Amino acid sequence: MVTREELLDLALLSKLDISDSDIDKLLGDMEEIIKFADTINAASTGDAEFDNINDLQNVYREDIVKDSFLQDDILRNCKTVENGFFRVDNHNHVE
Amino acid sequence: MEYEIVMGLETHVELSTNTKIFCGCTTEFGGEPNTHCCPICIGLPGTMPKLNYQVVRYAIMAGLSLNCEIAEIAKMDRKNYVYPDLPKAYQISQYDKPLCEHGHIELSSGRKIGITRIHIEEDAGKLIHERGQTFIDYNRGGVPLIEIVSEPDFRSVDEVTEYLEYLQLTMRYIGVSDCKMQEGSMRCDVNVSVRPVGSDKFGTRTELKNMNSFTNIAKAVKYEAARQIDVIESGEKVVQETRRFNDAAGTTESMRGKEDAHDYRYFREPDLVTISVSNDEIEQIRKLIPELPNKKISKYIKEYGLSEVDAKLLVKYKRVADFFEKSIDGLKVYKNCSNLIISLIFSKFETEEQKEQFNINVEPEDMNELLKLLEAGTIRNNVAKKTLGEMLATGKKVKDILSEDDLKGLSQEELTSICSKAVESNPKAVADYLGGKDKAVKSMLGFVMKNTQGKADAKLAEKIIIDIIKNNN
Ligand SMILES: [Zn+2]
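Chain order of the listed sequences is Z and F. The first sequence begins at 52 in my numbering and counts up one residue at a time. The second sequence begins at 35 in my numbering and counts up one residue at a time.
A few of these clues could be false.
With a cut-off of at most 20 Å between alpha-carbon atoms, the simulated SDA-like pairs for lysine to any residue come out as follows [what the hints assert, rightly or not]: (1) F:LYS389 / F:ALA427; (2) F:LYS109 / Z:VAL110; (3) F:LYS122 / Z:LEU61; (4) F:LYS160 / Z:LEU121; (5) F:LYS350 / F:GLU199; (6) Z:LYS66 / F:PRO73; (7) Z:LYS130 / F:ALA123; (8) F:LYS253 / F:SER288; (9) F:LYS350 / F:GLU386; (10) Z:LYS117 / F:THR81; (11) F:LYS131 / Z:GLN108.
Hints listed in this document are in silico derivations from the structure and should not be mistaken for laboratory results. Remember, it's a predicted structure, so these values are computed and weren't measured experimentally.
Bound conformation, chain Z alone (with noise of 0.2 Å):
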């Protein structure tokens, strides 16, 4: 069970702003996502040992610069931005 309080948590930390509107329906899609998880745990591997479903290794990229992205465009997601660097104001999680 998702409860009303974790999910408010969880929207805070993602800098999310849900209106009391929304919370019932999100409630809902948050319980099918975690109910997801739980389909994947209970599939049977048996002993098979596999490394990844693909069963891919070694794939690589040349080293061959690309045009990076425009610092507006790197910042955009951030509130709090100053000279063209990230800021962090809550020093809380910061030595």
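Fit chain F with the ligand to the supplied structure of chain Z, relying on the hints for placement.
Coordinates of chain F with the ligand only, in the frame set by chain Z:
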């Protein structure tokens, strides 16, 4: 009681790839903040990392140069910790299957230092703490690193310094990193403990984080060992923890308790597949490794007859060693070349950086031409020095500087004839010499040097003068 210091090193080396480890952003140093970034390296949800093969190749080159075994199978893991320099809240690193293991290097004392492992990982972003706020630049985030972990085999700061210089030089030679401590492309954590001399048990260690200069390492270790001995002598126990060196105070201070591996909740990185390295691949990569500096030094001493000091000076800078080796092509005497480089060319440079760059307007072919004239006795050492000086200053070629007359050299007949004139025109010096003043020869020698524009071999001329005097009397 007498104590012994025991140290182990974790050295982070930034690789000189063009692009970051998991995306195509440039690894160039500096730049405006957050301009070398993309959704992958700032960790946006839904992005997928893709491993840069050059990182694997460079790490294997480093491993082979440090006598490591290369893993057949390696994988990437997530190391979880929450800190603003990591946008994903985890670092992609290697935990239990690193690319290289079980290496070693040998110090000049003959002592071996074990290399436990070398793994690849991504660098974190740069944080600037100011006014109680933190400013983040992710340009460095995702730049590839290798972490070289040593065994706790060090017993003195000198050994640590020699090891780090060796790593630095080796990484530069094989071209995988510029290892600039001041720019942070080589950083070092030092694990320090002390124990009574003769004990075979290790004491509790502390970890000194992010040491960024040889001098600071020496200062920090010295302070930390003395601190630990004080703690033990006063009957207390050393606490296992991470400490930082306070540069201004010259002391170390506690940062946080020491993390163990389980604190990082390592698990397999699900977005990256297994790295499998074949023997063929290893052999291909081995071919990319040039002659290593320690081999070069012993070759210069044993085969080229250079002194140990000179050999080390030349090998210390890869471009200098390259220049030296090209310049001595076809010669029999190698000392002339090393002497000219060390006495004349090095004096043009003020900083280590400049020696590293070795930016001069003399090509090795021109140096070779000059050295050949010197070796054949066509020109004397002083002329060679003057000529090289002018070449360095103006970029002119040997032939533009030396006249045809200079290049003709001096024949034995010409020299003998000038020596005869010297004896004839200095009767007083001859009399002095015959009277027992050996030094009187010098004034006749001066005459010879003046009249040959310094081209004469002074020793040979002296011998001829004495022979003439003896024959005359
Ligand atoms: Zn990127």
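Mind listing which of the numbered hints don't hold for this structure, in increasing order?
Every hint satisfied by this model.
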